[in-house]
Amino acid sequence: MKDMKQRLFLFLFALIIGVGYAEAQTGKISGVVISSEDNEPVLGATIFVKGTKKATVTDADGKFSFQSIPSSAKTFVVSFIGMQTKEVAIKPDLKIILSSDDRSLNEVVVTAMGVTKEKKALGYALQEVKGSALTESAQTNLGTALSGKIAGMQVSTGGGQLGASQRITIRGNGSLGNNQPLIVVDGVPIANDQKSNNVSTFKYESVDLGSGLNDIDPDNIESISVLKGPSAALYGMEAGNGVILITTKKGKGRDKGVTVQYDGSFTVDEMYQLPKMQNSYGQGYQGAEYDYKLAQVAGYTGSYQDFAAGGYIKPNEKTSSSGYSYVDGKSGGINDANDMSWGPRLDAGLLLTQFDSPLDANGNRIATPWVSHSNNIEDFLQTGYSQTHNISITSAKENSSTRASLGYRNQKGTVPNTDLTKYTAELSSTIHLNKYFDYRISLNYSHNKSKNILSTGYSSNNVMQSIMQWFGRQVDMTSLKDNWNSYDESGNHYNWINKYHVNPYYAVYKNTNPYTRDRLFGNTALTFKPIDHVKVEGRLGYDYYGTEYKRQITYTTDYPNGFYRQTNESYHDINADLIASYDNTFGDFGVNAMAGSNYRDTRWEQSIMGSTSAGLTVPGLFTMSNVKGTPYGYTDHTAVRSNSVYGQAGVDYSHQVFLDMSMRNDWSSTIEQSFFYPSFSGSWIPTETFKSIQSDLLSYWKVRAGWAKVGSATTAYKSGSYYQSVSSTINGVTQYQTPTTYATNGLKPERIVTWEVGTELALLKNRLKIDFTYYHKNTSDQILSVEVANSTGYEYKLLNAGKITNKGIEIQLTGDILKNWHGLSWTTTVNWAKDKSKVVKLYDGLNTYTLGSSWNAYVYAKEGEAWGTIYGGGYTFNEKGDLVVGTDGLPVVTSNKKIGDVNPNWTGSIQNEFTYKNFSIGCLFDIRSGGDIFSVDQMWGGASGVYAYTAANGIRENGVVVGQDVLTKYHCVQADGTTNTVRVTAYNYYNSSYGCEEAAIISGSYIKLREAHITYNIPRAWLTRTKFIKSAYVSLIGNNLAIFGLADNNLAKIDPESAAGSGNSSVGIQSNSIPPTRSIGIKFGVTL
Amino acid sequence: MKNYKNKNMIMMKQYSKQAALLFFCGGLTLTGCTGNFDSINTDPDNPTTVNPTNELAFVQRALCDELFDDWFDMAEPSSFGGQIAKYTYTDENWYNFRPGIQNNNWNYCYDLQNNLKDIYKQAKSSGNSTMKNVATVLSMFVMQITTDRWRDVPYTEMARMSEGITHPAYDKQEDIYPHMLRDLKIAADGLADDSIGSLGEGDLIFSDKRVKWQQFCNSLRLRIAMRISSAMPDTAKTTVLEITGNPTRYPLITSNADNAFFYFNNEYFEPWGDAVRTRCDFCVSNVLVNTLDSLKDPRIGVYCMKSKKGDKYAGFRIGTKAYGVQDNYSMIGQRFCNSSTYYGFTPLFRSCETYFQLAEAARLGWNVGISAEEAYNNAVTLSLQENGVSNAEINTYLTDAAKYDGSAAQFYTQEWLALFKQGMEVWSLYRRTGIPANNYPAPESDTRYPGHTIPPLRSPYPNNEVNLNPANCAPYSSKIVDNFWGVAMVWDQRGILN
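Same order as they appear, the protein sequences are chains A and B. Going by the numbering used here, the first sequence opens with residue 36, and the numbers climb by one from there. Going by the numbering used here, the second sequence opens with residue 100, and the numbers climb by one from there.
Treat the hints with care, as some may be off.
[As the list claims (entries may be wrong)] Computed list of lysine-lysine pairs in PhoX-like fashion (alpha-carbon distance at most 20 angstroms, straight line):
(1) A:Lys842 x A:Lys897
(2) B:Lys311 x A:Lys447
(3) B:Lys408 x A:Lys353
(4) A:Lys353 x B:Lys405
(5) A:Lys109 x A:Lys126
(6) B:Lys216 x A:Lys365
(7) B:Lys407 x A:Lys365
(8) A:Lys952 x A:Lys854
(9) A:Lys832 x B:Lys216
(10) A:Lys353 x B:Lys216
(11) A:Lys365 x B:Lys405
(12) A:Lys534 x B:Lys408
(13) B:Lys407 x A:Lys534
No wet-lab data here; the hints were simulated from the structure.
Build the full structure now, drawing on both the sequences and the hints.
If you want it as structure tokens, here you go:
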């Protein structure tokens, strides 16, 4: 009866797919599957009888058995995620050894919605990074660990301070709004907000509180897939900028029993790549030797000592403006409130009164030697350290597996009194309830804490701005350190100056930014398999964060009575999916389909309270009851809901040709209309179809193409017109004002139509693998806040407009250069990408959109040009191409000139990995070619005379002739075409750079040795003696070891990667970011 | 074995039914669930309707905070007009202007107009004619500042975005002045005749006292009319005589108790005090100190502090590139620039100005019911009283250094001195009359634009307007020379364009 039924079914089945079978049964066949890596049994490997529907999975001992197999069946197909699929001939008592497939062509990868697929079935580019590659050099956060690992993905960090955020872009910038990808963990989106607390009263200052992505402990990551283009379409209106899919570690089936894993690292950190400072001239104005010569020409007969101390009074002036002499640091002396270093020569035997000079009996300062302190910035910095610990316990049983981990990270910053501590906990569990049900749950918690996150940006609250840009180069940091918490004889805070700046030690100890953040995210899924090939999954995801951020100022010159603000934020996101999927094979045809629906509800709230600029009553007591005058209060909320339905269907023929399509429809509360996003992709493997073309040279060839329409929605409340409340009352009366943005009804989401073609090749017996992609992206209907003429009564108008195209190339090369050559293996991975953008159209009557600006440099999206061109004052050239200099000897400035393009020519990375016996050595170089940056550091550091080049080549002794001493690569001429010979002071030249932004344009080129490690895996033979240690390793690691290849126009050699922040508005602008940190240390791990 | 399988089959059926139902319901809920999207997408923190009194409070505060601060006033008008000097970061004083600040200044004016339009509309529809007319008075107050700064500016088409005007046309100053007088007359008549409704708690200037708004409205008409007294004498004369001919219907600000002053309290620092509170870039100019000195003016100790070094009154030379040593110069007097408390005031209209305007009208021979001399004496007395000068000193001053001599120079000098801290008014007075004669442009060695013989005639059009309203702005901006010169105000009687 049973056989009859089965035969009947098979007969019908054979009819359907047009293939006949002659059936006979063999007896019981069993075997075991073992991993080549560790010779451990593999639990959960699938053994599929080729040409039939029969399949089974291995048990905890790696064993499997079939009661009976049709005699026609000859081959088993054995597969397991993360290992190479293997076909073996059927015979009794098989021992099947699977090898790991980190770079295998048969790789199974995670795609949209968490669906795993064979990589060769994909009709689009998808690049994956294994968790191990993220952690092997113990990068402290996920964002930076991704740097240089994905072709076409740019990761730029806001600066070297602890906890800095990253700006991540995939395939360039196409949007005038957000360009950052969606982050999805285990199938559920999570927030990746770039938190920075800009208190509006602090112009230009920001405190970068990090990216949401960094709440994930890299040690808990199994793998990361990056969906770059059409492949992201299943995420509809959130997919516009690509998707980063993160798969966390689960209890792996093959790890039998209980496994305990510990990984730890300890690094020492130092700030490096500090700008090159000059040490030959100190604070003051017009005090250089050349200024002295000019004074002598004008008839001054005093000595240089007298001149330097302010003895020279210019004709027509009542008091001296030359030199330096300290009285009170508040304009009481000669230039003692001048925070520039254009003063007298150092180490020339001069005696001048200084802030730390002793007082005589009358309370007047006694002049002290005017000498250099060339290490004063380094003296302020300290050696930081980081330590990380992660312990995980994995339990794998027949019907369940669980992984729990605890992580701890502690960092002490390179700037005194800065730190960051992070605790993480993770729990994930998969339960095979019965034949029909599987259940999994995964929870991640993290707690971040810092007593002080360093302020950045152009602000006197940023200590590094103060000491690296507006500074007296003669200042002895020891004096500031010894006395920072005291007052001088006039009752001022002890400092080298008493205007604009506070003592850097005072700033870091008394003006702090404490921060705490709690994050909880996780998801749970119940999978139901009612019949073969059909699976229904209900999935619920939750994401929460709560932060508390305080701005505590005891005293600054801007806030003499202190300042206090406390900001609390919380975010809740609920994501529910119901997904049904179908997967089957009919002979040579494979079919898969999926349909689902999504509900998402996101709520965010913020409340801020504190003082106004009136400050506090008791200094340094940061409580609401201590606030002077009217307290400050503010609340803000947003709510966004969306509903979606989506589906996907794919078919393949004989694992050679694959076709796939998807669609999604989104309804969002932020936008009235609903939107439909389709995608199509296909791939073909000619080497499978025509086996004859396979050779030693060509092992594998795949071609692929994909097309999709994706979107990018907007934020809450854009369509309404609301009065704005003003944070403070006036004489007790609430103030309301009309909105400054004119709202437009009927907004649509941004529309991105993208296609790509690509090919994958494996050459030379799989030794060399090439993945090449060409893509095209067309972003239109951008949601723009366009500037309008203010005489309309508004500043901005919201509308859909604009069209930007991006096209580019991505190449990945993987070469096994040496494969076990006398025990040595060498693998090189190269990523290379180039993106070219063009603003095709903005909006009628508007051909320029300002993306960002700093001082008088503007980063524009301008019609006909690339996304992000920099405009500002620039050099003037005559028709011969000579640089024109005015009669004053300074370059003639042409305003509103195109002076740069923020887009790199290309980006790339080279990763090398060597293994020899138990050693492995790896290093990663991250490379960027071009891409201009407007450097506020270079503008002001030059103008203030602190940088080395402002005192190089004798220009402070002899003056500057433009074209001879500076700008030597140009022929510099006067208006009449004669070569310029006008001599000016170094101060006049460098100070004029304010107004000529081109002088502060630096190329973003760099080569960074981003990561390196030397790992020693303890030999198994030694470990087996311990009986409980399964494996162990120890590594020497280094991060951000070196920077090379900086451009000539990067005069102070600052790190071009650190931007002013992580938003669109910061691209191409560098302003007082903290120099990078170099970390060197050890990492070690043990598996029990 | 068999039983077990059957059981599973039954289970499976149940589950599949439930799953199908769940999936179906799920799909149904989703597609039918956009109904409450409107309420979800309503901002819970910001209102769609407000009481106009709260907008009035905003306008009054912002007007003083934004148009009488260091950027809008001290760095340019008060300095170009000769009273204030920047002695550190001196850029604006030698005409190295910041384009962003020009944008902001323009934006402040029109943002205020947009709010005032909204108040006007709301008041009109609710029948609150008091509020409506007060909105007009404030709108014209701002418009006068706007046109006196940039000359030809959008007026009739300003702040009408909701009517689809995305590129407002420009009006010539020649047309703006009579138009302002027309609009103000409507407000003056409205306030006199049919004033219904209250201004509420948001009237921080006059505490909802209608007569004071009438006084402010008519004094403003007087100021505007007298400014064009030689450019458009007929319009000016008609207006002035209409006001002075009917004091009951058109009352004026005639006592210091009625001054249009905005007093700051403990939420906001008064903007001049705030400007020097954190980093003091400003002090009094040598023009002011020298003028006060030469007249032995008792206000010198109120307007100026003695220098720390030398303990004397010393003004800084306006437009010098090199920074001054703070201790050598006189800081601004505490009454006008108190950096240690919140309390301070912004003068919008002073009673003494009413008398200066009347005196000037009388000098022209118009019958304004008071002689030029009497009006002059009243004006000077009111100004000295406002500054706390004793009656004895006032007597001495008026019988000695400031004794009425009928000369234009004396007359305008006194007006210029009295309008301290009203940067736009002192700059306008100087541009119209050339008084004080000892005012000067930035020194030739320091100026960004060499070759000019007088301080700026106007402010540069902001980039915002040049770039975003190009068709309307270009005909006017094209005639300007070096951003500040080349086109004079219609009422500038000096006839010098450079």
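Here is what the structure says about each hint:
For the proposed pair Lys842 of chain A and Lys897 of chain A, the alpha carbon gap of about 17 angstroms is at most 20 angstroms, so the pair holds. Among the hinted pairs, Lys311 of chain B with Lys447 of chain A is inconsistent with the structure: their alpha-carbon atoms are about 64 angstroms apart, more than 20 angstroms. Between Lys408 of chain B and Lys353 of chain A the alpha-carbon distance is near 13 angstroms, which keeps this suggested pair within the 20 angstroms criterion. Restraint check for Lys353 of chain A and Lys405 of chain B: satisfied, since their Cα atoms lie roughly 17 angstroms apart, inside the 20 angstroms limit.
Using a Cα cut-off of 20 angstroms, the hinted pair Lys109 of chain A and Lys126 of chain A holds, with the two alpha carbons roughly 9 angstroms apart. Restraint check for Lys216 of chain B and Lys365 of chain A: not satisfied, since their Cα atoms lie roughly 46 angstroms apart, outside the 20 angstroms limit. Restraint check: the Cα-Cα separation between Lys407 of chain B and Lys365 of chain A comes to about 12 angstroms, which is no more than 20 angstroms; the hinted pair holds. The suggested pairing of Lys952 of chain A with Lys854 of chain A holds, with an alpha-carbon distance near 12 angstroms, which does not exceed 20 angstroms.
At most 20 angstroms may separate the alpha-carbon atoms for a hinted pair to count; Lys832 of chain A and Lys216 of chain B meet this at roughly 18 angstroms. Restraint check for Lys353 of chain A and Lys216 of chain B: the C-alpha separation of about 52 angstroms exceeds 20 angstroms, so the hint is violated. Proposed proximity of Lys365 of chain A and Lys405 of chain B is supported: the alpha carbons are some 17 angstroms apart, at most 20 angstroms. The straight-line distance between the Cα atoms of Lys534 of chain A and Lys408 of chain B is roughly 18 angstroms, inside the 20 angstroms bound, and the hint therefore holds.
At roughly 17 angstroms between alpha-carbon atoms, Lys407 of chain B and Lys534 of chain A fall within 20 angstroms of each other, so this suggested pair holds.
Checked against the numbered hints given earlier, the structure breaks hints 2, 6, 10 and satisfies all the rest.
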